[in-house]
Amino acid sequence: GALVYQYPRRTICKSGTSMRMECQAVGFQATSVAWYRQSPQKTFELIALSTVNSAIKYEQNFTQEKFPISHPNLSFSSMTVLNAYLEDRGLYLCGASHQDTQYFGPGTRLLVL
Amino acid sequence: GQQVQQSPTSLVLQEGENAELQCNFSTSLNSMQWFYQRPGGSLISVFYNPSGTKQSGRLTSTTVIKERRSSLHISSSQITDSGTYLCAISTQVVGQLTFGRGTRLQVYA
Numbered sequence: 001g002a003l004v005y006q007y008p009r010r011t012i013c014k015s016g017t018s019m020r021m022e023c024q025a026v027g028f029q030a031t032s033v034a035w036y037r038q039s040p041q042k043t044f045e046l047i048a049l050s051t052v053n054s055a056i057k058y059e060q061n062f063t064q065e066k067f068p069i070s071h072p073n074l075s076f077s078s079m080t081v082l083n084a085y086l087e088d089r090g091l092y093l094c095g096a097s098h099q100d101t102q103y104f105g106p107g108t109r110l111l112v113l
Numbered sequence: 114g115q116q117v118q119q120s121p122t123s124l125v126l127q128e129g130e131n132a133e134l135q136c137n138f139s140t141s142l143n144s145m146q147w148f149y150q151r152p153g154g155s156l157i158s159v160f161y162n163p164s165g166t167k168q169s170g171r172l173t174s175t176t177v178i179k180e181r182r183s184s185l186h187i188s189s190s191q192i193t194d195s196g197t198y199l200c201a202i203s204t205q206v207v208g209q210l211t212f213g214r215g216t217r218l219q220v221y222a
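Respectively, the protein sequence lines represent chains P and L. Quick note on numbering: our numbering labels position 63 of the first sequence as 63, and the sequence is numbered without any gaps. Add 113 to a position in the second sequence, counting from 1, and you land on the number used in our numbering.
Everything labelled a hint here was simulated from the structure, so no lab data went into it. Each hint should be verified, as a subset may be incorrect.
[To be verified] Derived, one-sided and incomplete: chain P residues facing chain L with beta-carbon distance under 8 Å: (1) Ala34; (2) Thr51; (3) Leu91; (4) Asp100; (5) Gln102.
[Stated by the list, open to error] Examples of chain P residues lying across from chain L (beta carbon under 7 Å, computed): (6) Ser32; (7) Thr43; (8) Phe44; (9) Leu49; (10) Ser97; (11) Phe104; (12) Pro106; (13) Gly107.
Cβ atoms here follow ideal geometry from the backbone N, Cα and C, with glycine treated the same way.
With the hints as constraints, model all of the structure from the sequences given.
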């Protein structure tokens with residue numbers, strides 16, 4: 001079956017430091033990978049969408065300078081939160097798509113101190 | 114404005130009662146999904162239902178594209194149904210979902 005792994009599941013970082021999270025698709029090839037963030041008491045916001053053979057598209061309020069994404073192949077993507085501050089805390093979800101179906105990982109929960 | 118609106122925001126039911134969750138969207142869509150978010154945060158896809166009615170056990174989803182709405186019906190609710198239910202739509206871009214704010218369901222004994 002199709003599975004999406006995310007690592008780490010939970011992490012704590014000091015304010016001003018950076019944190020890298022990974023997303024791995026298993027059992028299928030992801031033609032696109034979307035990164036979402038759920039801030040406390042809020043719904044999921046799309047950060048960026050990375051599609052094979054296309055440039056990574058960031059949503060308003062999110063930039064490559066703050067959330068650089070690497071998508072080297074059809075099964076792996078990583079995103080870094082640079083200079084993390086309190087407003088960056090939340091659950092970061094990776095959604096990997098294959099044939100109109102999106103599979104989600106369990107998320108990386110980021111706590112910023 | 115917000116593209117996906119869910120109602121109610123929260124719902125408290127006694128075990129055995131039925132739940133009706135609504136999702137309204139302000140744009141045409143390619144697909145829509147209902148998700149259940151576990152207390153730990155992870156998402157489980159409940160229905161992929163771009164149109165029509167689908168049923169799985171005690172859950173039924175009905176999407177009426179013309180009216181830009183979808184509903185999730187939970188019959189004979191159980192305590193384990195408690196959690197947050199999110200609807201999400203995909204417009205033109207494959208892999209890009211827009212989420213509603215969710216309905217928090219609490220079922221008590």
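Query - Violated hints - listed by number, lowest first - result: The structure breaks none of the hints.
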